[in-house]
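The hints should help you fit chain B onto chain A, whose structure is shown.
Just so you know, the protein sequences line up as chains A and B, in that order. Using UniProt numbering, the first residue of the first sequence is number 1, and each one after it goes up by one. Using UniProt numbering, the first residue of the second sequence is number 1, and each one after it goes up by one.
Any given hint might turn out to be false.
Lysine-lysine pairs mimicking DSS-like chemistry, simulated, CA-CA at most 30 angstroms apart [stated by the list, open to error]:
(1) A:Lys156 with B:Lys550
(2) A:Lys6 with B:Lys14
(3) B:Lys533 with A:Lys8
(4) A:Lys6 with B:Lys455
(5) A:Lys147 with B:Lys550
(6) B:Lys14 with B:Lys319
(7) B:Lys550 with A:Lys6
(8) B:Lys550 with A:Lys298
(9) B:Lys550 with A:Lys277
(10) A:Lys161 with B:Lys436
(11) B:Lys590 with B:Lys109
(12) A:Lys71 with B:Lys436
(13) A:Lys162 with B:Lys550
(14) A:Lys6 with B:Lys436
(15) B:Lys483 with A:Lys8
(16) A:Lys277 with B:Lys533
(17) A:Lys147 with B:Lys436
(18) A:Lys159 with B:Lys550
(19) B:Lys533 with A:Lys6
(20) A:Lys161 with A:Lys298
(21) A:Lys277 with A:Lys159
(22) A:Lys8 with B:Lys455
(23) B:Lys533 with A:Lys71
(24) A:Lys8 with B:Lys14
(25) B:Lys550 with A:Lys161
(26) B:Lys14 with B:Lys2
(27) A:Lys6 with B:Lys483
(28) B:Lys436 with A:Lys8
Rather than coming from a laboratory, the hints here were simulated on the basis of the structure.
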Amino acid sequence: MSFLPKPKLHHPRLPVNALGFTRRDYEGAISTLCAGCGHDSISAAIIQACFELDIEPHRVAKMSGIGCSSKTPDYFLGASHGFNSVHGRMPSVLTGANLANRELLYLGVSGDGDSASIGFGQFAHSIRRGVNMTYIVENNGVYGLTKGQFSATSDKGSKAKKGAINTDEAIDLIGIALQLGATYVGRSFSGDKDQLVPLIKGAMRHDGPAFIDCISPCVAFNNHEGSTKSYDFVREHNEAMNHLDVIIGRNPITADYAPGEVRDVQQHDGSVLRLRKLHAEYDPTDRVGAMHHLHERKAAGEIVTGLLYIEPDPQDLHANLGTVARPLNRLGDAALVPGAAALEKLNASLR
Amino acid sequence: MKPTDIRNPDYFHKVVDCQWACPAHTPVPEYIRMIAAGRYSDAYMVNWHSNVFPGVLGRTCDRPCEPACRRGRVEEEPVAICRLKRVAADNKEGILARLTPIPEVGNGKRIACIGAGPSSLTVARDLAPLGYEVHVYDEQAKGGGFIRSQIPRFRLPESVIDEEVGYITDRGGVVTHYNQRVESLKGLLAEGYDAVFVGAGAPRGRDLDVPGRAEAAAHIHIGIDWLSSVSFGHIESVGKRVIVLGGGNTAMDCCRSARRLGGEQVTVVVRSGFEEMKASPWEKEDAQHEGIPIRNWLVPKEVLHADGRLTGMVFEKVKAERDANGRRQLVNAGEPDVTIEADEVLVAIGQENAFPWIEKDLGLEFDRWGLPKLNEQSLQSTLPQVFFGGDAAFGPKNIIWAVAHGHEAAVSIDMFCRGEDVTVRPPPEVVMSSQKMGIHEWSYDSGVSLDLRFKVPHAENEVALRDIKTEVELGYDRELAYKEAQRCLNCDVQTVFVPSLCIECDACVDICPVDCITFTPDGEEAELRDRLKMPALNLTQEIYVADGLKTGRVMVKDEDVCLHCGMCAERCPTGAWDMQKFFLETAKPKLERVHACQA
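Isolated chain A, as found in the complex (with noise of 0.2 angstroms):
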């Protein structure tokens, strides 16, 4: 860690968004994880896509859990709400003040700890339920803040830093992720912002459960000869599906490319989501195809990253639950306080 705070003074052409703000201006504290931790480049990805978006801080609501990962937050968009949970229980507070007030944008900042471990089952509901949220799993296949065990996460068949070779299944958060109904799946690495921050933006436009699990590699415990998750690994494995790019009104992208190339997605709330085919056979709205392509792939040694599957069209938890769309801090207390009568009214329709 640092003793010192980032310097305040930017480059003095630093460009700004519509809203006035400078890239800078979504930064939080200094990091305090290990130098070269991958979670770090999360935190600038997700610093670059709330202001590409023109995000005004105060209506984000942060969350995390316990870990390495779930500190991030601290590092992050300094002006906006956030909840650091008991270890494992972020989906549930995270639900619950989504259930409270849709209005703000809830990001979830997890670990492969936090979510495939001690909350997995956390997590698996979150999702089935739908919540409308961006949910980043910071994957790094290893218990850092324990130094060094094997995490869910870690490969059957890997090596820890001290040589242990790995004997359990890796829980493959994407194929849970598919599996349980979210309907905006991907997959990145910290080592590459050009593919991260789109998918960020995309993930943060997307009404319903979107979830991206980051392969993070963690400098101290998990970047030697033999592991999965390491800066060398990754990027010898990773196999892209797509380049994507969110395209939002005002700035659209006007690149060439021939014909079949790109497919535009139109999320609900009007952004688009445009994507450069990397891989022709792959179609990134049909989920049982987006599961079996990633389950052929990762059985060939590859590591499936980019947009895997879109649902253009969700529905989520609220709709779900059919509730008032007003958040409940600005409800009235006869709204929110009904009285005996409402009450006896209801338990009679029950009886």
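This is chain B only, laid out in the frame that chain A set:
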């Protein structure tokens, strides 16, 4: 593009903008850190080795370093480098024992310096410690040349000149011949000197040629002559209404001196516009602050006089236009002439070189502007044993250029006397040293101050204008100096990158507060500059390119607005980035080299 060769001393030298811009290449950040640490004497010595007259220059330097200062590109104003130098001089303790010792036994070589100005004295200072016997000739009674004769006392107290000239002339090895004007170079050469250095300045002020000039001659003075008469106490008053012609620093010294000698309505009149004036911005500002109007776009037309007395001047109003060849010309603005009433006129419209004492048959050639033909680096003339420096070499410049010439000429003279080829210049001495103290601790203060430039306290006008010897600038006190020193970005602490250690984790890219660093596929420079995280549009600043990364990409760092905060190195997990202090001292004549040659 070609990877950057950081072993070439020029590369990192250019990153230290102030040092690169300084003609004498003073290691500025080094002494500023010393001032911040309260090490005033150490800071003075760093200056003394490099620019010889820290106390004088800390008050009067033309400060080419400040417009170059990186701080000026990052926020609004550069670090007040010049006035910090003065702090070192004002607060130092006895440094006599730390000056380079003069050997008791000489090396048998005798050198003559013509003129006792800054360039000659620099030659003397550099050569005397090597055992040379340096004879300094000057027509004045004391050393200092232009520094003593023309810089007004309210800017530079005489005690400062005495002290710093004394460090050179009063310690042995230097023989002064004051009150002795050299009338013949031939005569001097006949005295058997091993080499002669001409540092005689540009002693002739340009005159005015308009109707009425001759008739009113008694009340028209050449600026530099008038200033030296004031300096030496021959002139103690001036008329109530004074016109100063010219837009350079001499004009500013003239008008501010006139203001202190009884001038009530002092007006500066300049041919060009305010922005194009040659005077330093702060000199113009100081003059205006003292109630002196500066009137621009006026060309002298006639001197008005009655009964042998000067009564005023008439000026033609002009404007700048480009002619068919694109050359800028002043043409009549089509407005009525302007008349300014006056009792006296000071002419400060430029200086010329004059060498009537150099015989034409010596083999010393001059160019068509009357300047000596010189090798620009060695400063050797066409007469091999004669070298030039200061204003005498390339026309009027300033003190710090004179010092820089002095150092170069001293190196040349030393080489010449040892029979070496003076065109083969010795390289500078460069030391790179890591500043790493612990995992995240550096031996320099890496925090970046957000303070804006601090103003130097001035004496009130009522006090300052009463006496020409009252120093108008009061200088920073220690506390202000500390705060101003902290604004320095430590540009000499370089970001050094070792590609073989880099794992391309992006930590440096993410932490850099000014988006200097980009990892990207290689390309040609122009195109590469354009696709950096922040495009490198300032072409005067280099980009640092390193190849040999695993992904085949290159690391590109735009040096332009780097804060030298060390964050990239702090966040680097493998030590691929290091903060290394670059210390460069220009080549000086060295005793060791003499020993090496003798052996």
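Status of each hint after checking the structure:
Only pairs whose Cα atoms come within 30 angstroms are accepted, and lysine 156 of chain A paired with lysine 550 of chain B is accepted, the gap being roughly 27 angstroms. For the hint linking lysine 6 of chain A to lysine 14 of chain B, the alpha-carbon distance of about 26 angstroms falls within 30 angstroms, and the restraint holds. With a C-alpha separation of about 18 angstroms, the suggested pairing of lysine 533 of chain B with lysine 8 of chain A holds against the 30 angstroms cut-off. For the suggested pair lysine 6 of chain A and lysine 455 of chain B, the alpha carbons sit about 27 angstroms apart, so the restraint of at most 30 angstroms is met.
Between lysine 147 of chain A and lysine 550 of chain B, the direct Cα distance comes to roughly 27 angstroms. Compliance with the 30 angstroms bound is thereby established for this hinted pair. Restraint check for lysine 14 of chain B and lysine 319 of chain B: not satisfied, since their Cα atoms lie roughly 38 angstroms apart, outside the 30 angstroms limit. Between lysine 550 of chain B and lysine 6 of chain A, the direct Cα distance comes to roughly 29 angstroms. Compliance with the 30 angstroms bound is thereby established for this hinted pair. For the hint linking lysine 550 of chain B to lysine 298 of chain A, the alpha-carbon distance of about 24 angstroms falls within 30 angstroms, and the restraint holds.
A hinted pair counts as satisfied when its Cα atoms are at most 30 angstroms apart, and lysine 550 of chain B with lysine 277 of chain A qualifies at roughly 26 angstroms. The hinted pair formed by lysine 161 of chain A and lysine 436 of chain B meets the criterion: a straight-line CA distance of about 28 angstroms does not exceed 30 angstroms. Simply put, lysine 590 of chain B and lysine 109 of chain B have alpha-carbon atoms about 15 angstroms apart, close enough for the 30 angstroms limit, and the pair holds. Under the criterion of a C-alpha separation no larger than 30 angstroms, the hint pairing lysine 71 of chain A with lysine 436 of chain B is consistent with the structure, at around 28 angstroms.
Taken as a hint, the lysine 162 of chain A and lysine 550 of chain B pair is honoured in the structure, with Cα atoms around 24 angstroms apart against an allowance of 30 angstroms. Restraint check: the Cα-Cα separation between lysine 6 of chain A and lysine 436 of chain B comes to about 18 angstroms, which is no more than 30 angstroms; the hinted pair holds. For the proposed pair lysine 483 of chain B and lysine 8 of chain A, the alpha carbon gap of about 17 angstroms is at most 30 angstroms, so the pair holds. With a CA separation close to 25 angstroms, the supplied pair lysine 277 of chain A and lysine 533 of chain B stays within the 30 angstroms bound.
In summary, the hint linking lysine 147 of chain A to lysine 436 of chain B is supported, as the alpha carbons are separated by about 26 angstroms, within the 30 angstroms threshold. Only pairs whose Cα atoms come within 30 angstroms are accepted, and lysine 159 of chain A paired with lysine 550 of chain B is accepted, the gap being roughly 22 angstroms. Of the supplied pair hints, the one linking lysine 533 of chain B and lysine 6 of chain A holds, its CA atoms being roughly 18 angstroms apart against a limit of 30 angstroms. With a C-alpha separation of about 23 angstroms, the suggested pair lysine 161 of chain A and lysine 298 of chain A falls inside the 30 angstroms cut-off, and the hint holds.
A threshold of 30 angstroms between alpha carbons decides the hint, and for lysine 277 of chain A with lysine 159 of chain A the separation of about 34 angstroms lies outside it, so the pair is violated. Between the alpha carbons of lysine 8 of chain A and lysine 455 of chain B the distance comes to roughly 23 angstroms, so the proposed pair stays at or under 30 angstroms and holds. Under the criterion of a C-alpha separation no larger than 30 angstroms, the hint pairing lysine 533 of chain B with lysine 71 of chain A is consistent with the structure, at around 27 angstroms. Note on lysine 8 of chain A and lysine 14 of chain B: the hinted pairing holds, with a Cα-Cα distance of about 25 angstroms set against a maximum of 30 angstroms.
Pair hint lysine 550 of chain B plus lysine 161 of chain A holds up; C-alpha atoms about 21 angstroms apart against a cutoff of 30 angstroms. The hinted pair formed by lysine 14 of chain B and lysine 2 of chain B meets the criterion: a straight-line CA distance of about 18 angstroms does not exceed 30 angstroms. Distance restraint check for lysine 6 of chain A and lysine 483 of chain B: the Cα-Cα separation of roughly 20 angstroms lies within the 30 angstroms cut-off, and the hinted pair is therefore satisfied. Our distance criterion of 30 angstroms between C-alpha atoms is met by lysine 436 of chain B and lysine 8 of chain A, whose separation comes to about 23 angstroms.
Checked against the numbered hints above, the structure breaks hints 6 and 21 and satisfies the rest.
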